[in-house]
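Enquirer: Model the placement of chain R on the given structure of chain G, informed by the hints.
Chains G and R, in that order, give the protein sequences. For the first sequence, position 124 (counting from the first letter as 1) is numbered 124 according to my numbering, and the numbering increases by one without interruption. For the second sequence, position 220 (counting from the first letter as 1) is numbered 220 according to my numbering, and the numbering increases by one without interruption.
One or more hints might be untrue.
Said to hold, decoys possible - Using 25 Å as the maximum straight-line C-alpha spacing, the simulated DSS-like pairs for lysine-lysine come out as follows:
hint : chain 1 : residue 1 : chain 2 : residue 2
1    : G       : Lys6      : R       : Lys278
2    : G       : Lys89     : G       : Lys24
3    : R       : Lys12     : R       : Lys95
4    : R       : Lys118    : R       : Lys49
5    : R       : Lys293    : R       : Lys95
6    : G       : Lys27     : G       : Lys130
7    : R       : Lys80     : G       : Lys244
8    : G       : Lys6      : R       : Lys31
9    : R       : Lys212    : G       : Lys244
10   : G       : Lys7      : R       : Lys95
11   : G       : Lys47     : R       : Lys278
12   : G       : Lys130    : G       : Lys31
13   : G       : Lys47     : R       : Lys12
14   : R       : Lys278    : G       : Lys7
15   : R       : Lys161    : R       : Lys80
16   : G       : Lys24     : G       : Lys7
17   : R       : Lys95     : G       : Lys6
18   : G       : Lys24     : G       : Lys72
19   : R       : Lys31     : G       : Lys244
20   : R       : Lys161    : G       : Lys89
21   : G       : Lys133    : G       : Lys179
22   : G       : Lys133    : G       : Lys215
23   : G       : Lys244    : R       : Lys49
24   : G       : Lys7      : R       : Lys31
25   : R       : Lys212    : R       : Lys12
Bear in mind the hints are in silico, worked out from the structure with no lab data behind them.
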Amino acid sequence: MEDIIKKQIDQELTIVSNEQIADKVFKMRLKGDTSLLTAPGQFINIKLTGFYLRRPISVSDYDGEGLTIIYKVVGNGTDLLSTMKSGEKLMCLMGLGNGFDTKACGNHVLLVGGGVGTPPMYGLAKELLKQGKRVSVVLGFNSVTDVFYDHEFAALKQEIPGSDIEVRVSTVDGSFGTKGFVTDCLTGLEDITDYCACGPMPMLKALYKYYDGKKTGQLSFEERMGCGFGACVGCSISTNSGFKKVCKDGPVFSSEDVLL
Amino acid sequence: MADISTELSGIKLDNPIIPASGTFGFGAEFKNLYDINILGSFSFKGTTKEPRFGNPTPRIAECREGMINSVGLANPGIDKVISEELPALREIFRKPIIANISGFSVDEYKYCCERINKEEQVEIIEVNISCPNVHAGGMAFGTSPDAAAEVTAAVKSVTDKPVYMKLSPNVTSITDIAKACEAAGADGISLINTLLGMRIDIRRGRPVIANKMGGFSGPAIFPVAVRMVYQVYDAVNIPIIGMGGVSTAEDVIEMMMAGASAVEIGAQNLVDPYVCPKIIERLPVLCEELGIKKLSNIIGKAHG
Chain G
1 MEDIIKKQID
11 QELTIVSNEQ
21 IADKVFKMRL
31 KGDTSLLTAP
41 GQFINIKLTG
51 FYLRRPISVS
61 DYDGEGLTII
71 YKVVGNGTDL
81 LSTMKSGEKL
91 MCLMGLGNGF
101 DTKACGNHVL
111 LVGGGVGTPP
121 MYGLAKELLK
131 QGKRVSVVLG
141 FNSVTDVFYD
151 HEFAALKQEI
161 PGSDIEVRVS
171 TVDGSFGTKG
181 FVTDCLTGLE
191 DITDYCACGP
201 MPMLKALYKY
211 YDGKKTGQLS
221 FEERMGCGFG
231 ACVGCSISTN
241 SGFKKVCKDG
251 PVFSSEDVLL
Chain R
1 MADISTELSG
11 IKLDNPIIPA
21 SGTFGFGAEF
31 KNLYDINILG
41 SFSFKGTTKE
51 PRFGNPTPRI
61 AECREGMINS
71 VGLANPGIDK
81 VISEELPALR
91 EIFRKPIIAN
101 ISGFSVDEYK
111 YCCERINKEE
121 QVEIIEVNIS
131 CPNVHAGGMA
141 FGTSPDAAAE
151 VTAAVKSVTD
161 KPVYMKLSPN
171 VTSITDIAKA
181 CEAAGADGIS
191 LINTLLGMRI
201 DIRRGRPVIA
211 NKMGGFSGPA
221 IFPVAVRMVY
231 QVYDAVNIPI
241 IGMGGVSTAE
251 DVIEMMMAGA
261 SAVEIGAQNL
271 VDPYVCPKII
281 ERLPVLCEEL
291 GIKKLSNIIG
301 KAHG
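The following block holds chain G by itself, in its conformation from the complex (with noise of 0.2 Å):
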């Protein structure tokens, strides 16, 4: 078997913690080999005792000893991973899609992240800090009990020497940070090279069309997905440059290639 395998991406990992940090949303730190996670934005899909098909998450962010996901309890099986424990295994398929090309973004990045759309904003902002370049983080959220990682984002500040980061929050019930959505919190930052984003359509949408190709952007796509690696074409988009396959083409998209 050993001889015919060229490349293992269903691996086991092990839950290092699991906690909640808003209303329904979980942070997992896991162990285990991330050798096969090449860029920030790319998802793992984890396989669940009792259900069929996997959960497709984003990678937060990773490191040589493991990886962190950020997850919403949205049905019995993400329900079934907020009860896991410390020390349970994971089968997972790692290093799942494209992820953000960190290089192709200009020195001072706008990261959106709406939502459970959030988490693979962190590995990002750390990334393009690491490289040197200004990143501008908005947050967008139901509401107070929703928010999470604005102190994280913040503290990259502390964190990684000499870096450049801001963060504004938005909620649209006003109960923390501006009232209303992303878009409304982009005064003064007019002069961004260019964004990255990822959370629900209508929020990708009301970017893309507020930047209205004056500045490109890269944007991450969520869809049902099978298997997760491009065999069964259930999370098809249609792309300026043809069908692609969200999974495997993407999550992240151009915002020169997307119809929106």
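Expert: Just chain R now, kept in the frame of chain G:
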């Protein structure tokens, strides 16, 4: 070691394991994961005359021990399959290929089969008359014996390759359809395609899938598949490729005992990309355990 080779219409396969159409694309997603030349064969993504995006998304829904898809024959179209996919596949796959062909009219089936007939590495044409995800054509041809026979005769007239008709389980009498295909000249039968199914999101009170319904596959449908392969084996004298929820080497043995000469693995490829090599590795060991010296000897064994 047990001999796990088998044969379909005179074509020798090193083993009976064939990834099913629509779960293996044109091999590109798997070639970097393992050496796909260990497979018996593989059935490529259902191909139509024109390129197709398929149905609107979401088009995947989870079920207990299975899934529903309404992908709807998304494919690059026969021209691109012949000019791009097959040459790329030839570089990575030396084994016989099964071409899976779909259509929306008898003429379209005929056109695609005539085109694919010239492709040397294609050794079997599997004609899909059972896709539940397209409104015209597709399953409509597989739910009436007369229509199934008409497609069979039409494609047989344009190809000298063995033609296997892929049947739908969404019928009153699977044996009538199989017999009609055999009488019209089919060289073999592939079954079963997916069962028409549906899920409703109780939080939204709406169907999970944009197209409302789709094809149900996965381990949950295995008993239905075994039953239908068993019935068709009794009804016809042409070889059967059995499929439907096959996930383990044990399932392969069971499917062959029901009457399958070879076995396709579908949905399980999507949740375990290594399921085919795992089964191929396990089969000879399982044969030893069961006292099977030659796997092909067990085809139809359950019929006594």
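Enquirer: Give a verdict on every hint.
Expert: Going down the list of hints, with the structure as the test:
| no. | hint | in the structure |
| --- | --- | --- |
| 1 | G/Lys6 with R/Lys278 | holds (14 Å) |
| 2 | G/Lys89 with G/Lys24 | holds (22 Å) |
| 3 | R/Lys12 with R/Lys95 | holds (10 Å) |
| 4 | R/Lys118 with R/Lys49 | holds (15 Å) |
| 5 | R/Lys293 with R/Lys95 | holds (24 Å) |
| 6 | G/Lys27 with G/Lys130 | holds (23 Å) |
| 7 | R/Lys80 with G/Lys244 | holds (16 Å) |
| 8 | G/Lys6 with R/Lys31 | holds (8 Å) |
| 9 | R/Lys212 with G/Lys244 | holds (23 Å) |
| 10 | G/Lys7 with R/Lys95 | holds (21 Å) |
| 11 | G/Lys47 with R/Lys278 | holds (17 Å) |
| 12 | G/Lys130 with G/Lys31 | holds (23 Å) |
| 13 | G/Lys47 with R/Lys12 | violated (36 Å) |
| 14 | R/Lys278 with G/Lys7 | holds (14 Å) |
| 15 | R/Lys161 with R/Lys80 | holds (21 Å) |
| 16 | G/Lys24 with G/Lys7 | violated (35 Å) |
| 17 | R/Lys95 with G/Lys6 | holds (18 Å) |
| 18 | G/Lys24 with G/Lys72 | holds (5 Å) |
| 19 | R/Lys31 with G/Lys244 | holds (19 Å) |
| 20 | R/Lys161 with G/Lys89 | violated (49 Å) |
| 21 | G/Lys133 with G/Lys179 | violated (28 Å) |
| 22 | G/Lys133 with G/Lys215 | holds (17 Å) |
| 23 | G/Lys244 with R/Lys49 | holds (20 Å) |
| 24 | G/Lys7 with R/Lys31 | holds (10 Å) |
| 25 | R/Lys212 with R/Lys12 | violated (41 Å) |
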